[in-house]
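Undergrad: Sequence:
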Amino acid sequence: MSSKHTFISSITGAQLYLIASNALAEDSIKLNEMVVSAAGYQQTVAEAPASITVIDRETIQQGAYRDITEVLSHVPGVFATGGASGKDISIRGMPTKYTLLLVDGRPQSSRESQPSGAGGMDQEWLPPLSSIERIEVIRGPMSTLYGANAMGGVINIITRQASDTLHGNLGYDVTSSDSNDFGTSQQGSLFLSGPLIDDKLSFRLGARYLLNDEDNVLRGAPEKEIHNYNGQLRFTPNKAHTFDIELIKSRQNRITTAGKSLSESASDGETNNEKETLSIAHTGHWGALTDNSYLQHESTYNEGREIRITNTVLDSRWVIPFADHTLTLGTNFSEAKLKDDSNVMEDSIISNDQYSLYAEDEWLIGDSFALTGGLRTDKNENFGSQLSPRLYANWFLNQYWTIKAGAATGYQTPELRQMTENWVQYSRGGNLYGNSELQPETSLSQEVGLIYSRATTLASITIFDNQFDDKIVRTSCPTSICSISSDRYYVNIDEAKTQGVEISTEWKWHPSLSMSVRYTYTKSEQLSGDNKGQPLTQMPKHLFASSVKWALSPQAKIWLDYEYRGEESMETGLSSNTEIQAPSYDLLHIGTQYQLSDAFTLQAGINNLLDQEFSYDEFGFVDSSRAYWASLEYQF
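full-length UniProt numbering numbers the first residue of the sequence shown as 1 and each following residue consecutively.
Calculated directly from the structure, the hints in this document are not laboratory data. You can trust all of the hints, since none of them are fake.
Mimicking DSS-like on lysine-lysine, the simulated pairs with C-alpha atoms at most 30 Å apart in a straight line are:
1) 497 to 97
2) 497 to 541
3) 541 to 508
4) 200 to 249
5) 97 to 224
6) 337 to 379
7) 249 to 97
8) 339 to 97
9) 532 to 97
10) 523 to 97
11) 541 to 97
12) 97 to 337
13) 224 to 337
14) 249 to 339
15) 523 to 497
16) 379 to 97
17) 224 to 339
18) 379 to 497
19) 497 to 532
20) 249 to 224
21) 249 to 337
Between the sequences and the hints, there should be enough to build the whole structure, so can you do that?
TA: Okay, structure coming up:
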């Protein structure tokens with residue numbers, strides 16, 4: 001960063017946590033936290049041109065989370081939707097598929113292997129929590145830097161990198177419900193990193209194994225077995241250059257049984273899915289210039305339906321600081337290829353290529369005002385060109401007050417099946433046809449936020465508005481295209497909007513005692529089409545949460561989490577008289593952590609302490625009753 005950022009940097013520490021308001025205690029607040037997702041290079045959270053939350057490793061370790069979905073549900077504006085059978089992530093009222101998942105800045109694109117919906121499977125492919133250094137969550141479009149599929153927001157998983165010091169950890173946790181209707185879940189994890197050749201070559205290994213017993217309740221969780229392995233080699237020929245090669249292999253197996261998670265009349269089912277990702281990356285420092293480049297090949301295979309989606313991405317990004325500017329230039333090539341034998345037509349392989357150029361500049365105007373503008377152009381072989389501009393301002397009024405405001409565009413490319421004219425998917429109620437005339441879905445998002453920090457009080461408020469156009473929907477297909485009147489096809493027709501407010505605050509009453517409160521109001525509405533006037537996704541308008549953490553001693557801590565979710569409505573793909581309006585409910589969780597020694601940490605607690613019950617008839621999903629958990633971690 002330029003030396004002219006001195007004033008901004010000097011007050012960043014007093015304001016950082018406002019934006020990273022998910023932290024639960026003083027010892028988890030990193031006042032000099034650095035992020036890379038918002039601009040493509042390192043900045044503090046306060047300087048970042050976006051609404052961004054950082055969840056650091058310490059917060060993850062102390063939260064007794066089982067997976068990434070549980071971690072993300074503590075972020076303002078982020079909602080976990082669904083129940084025991086699978087949970088997805090939604091940001092600011094946008095459907096799940098509009099959130100881009102990244103691992104170390106590289107896209108994870110396996111959703112098209114599941115044509116009937118992913119049901120939380122995308123999060124299960126992500127690295128185990130033991131391999132994660134931090135998670136950066138951007139609320140709002142980021143298509144300028146990341147292209148398609150970042151229309152709702154970005155979740156960037158930053159992994160722990162290979163290092164020159166031998167260290168690692170082993171972990172085991174188990175969760176058991178108070179009711180025999182819900183299965184026991186247990187998992188183990190491993191992380192190991194160290195040198196192979198001093199100052200030149202180092203390695204990293206990570207692993208996770210999860211076994212979840214099948215629920216004995218209709219629409220409950222299936223029996224689930226997940227294997228995840230990852231390895232990295234890092235070569236550092238000198239201080240200016242780093243080369244990484246990484247391999248990730250994962251497998252998910254799910255079993256559903258008639259009379260348990262399925263109805264008595266159903267047939268037993270089993271699904272097996274595999275994913276493999278290979279990447280090569282380089283980071284170089286050429287004087288003041290920095291480049292980050294990578295080549296990634298990702299392959300996901302759905303064994304039961306014999307579907308394979310492969311994604312290849314080549315990306316190169318350069319950061320060039322000069323005078324009062326920090327310029328980012330980048331280029332990207334991506335190729336997606338889908339093999340699916342379920343096509344009624346002859347073609348079983350469809351593909352799509354895209355070329356992109358993007359530029360973004362941060363301009364420091366005076367000592368306390370920064371303006372960031374960017375533009376991306378994408379050339380797609382199927383639907384032509386797409387421009388994605390954004391503009392964002394950071395204004396540090398004084399050491400206590402900061403204003404953030406900006407506007408950004410986003411877009412979502414049609415799925416491969418949707419954009420292919422010769423693709424016909426069989427359905428008992430009428431076949432579903434692709435449409436080569438489809439255009440990307442687009443959005444315009446605006447936000448303004450006010451941040452205050454002083455002494456032991458930290459607070460922020462952000463107001464956002466997101467206008468969503470050209471939504472892709474299914475509609476009746478003309479006989480000039482389709483065979484029979486009951487057939488349907490995809491068209492761009494619908495408009496929608498999401499609006500809301502995010503409020504967060506924290507008080508530190510004592511170095512060992514802290515409390516955080518967050519409130520999110522979200523309203524979504526479809527403005528046209530068959531579901532005009534209905535919400536865009538299933539989520540509450542009101543979400544209130546509070547967390548208290550108390551360090552009883554240097555070794556012992558306890559915490560209490562409370563969450564209120566307002567009345568929900570089902571995602572509107574059905575007529576309104578068949579929708580299930582989920583009522584409001586409260587959840588209370590309690591946990592404790594004890595440092596047995598320098599190497600061993602024990603945690604235990606109770607989830608859903610009030611024993612809130614979730615039945616499908618009342619809530620539209622099934623989830624666990626009161627559950628007890630315990631974990632043990634060994635660090636070396």
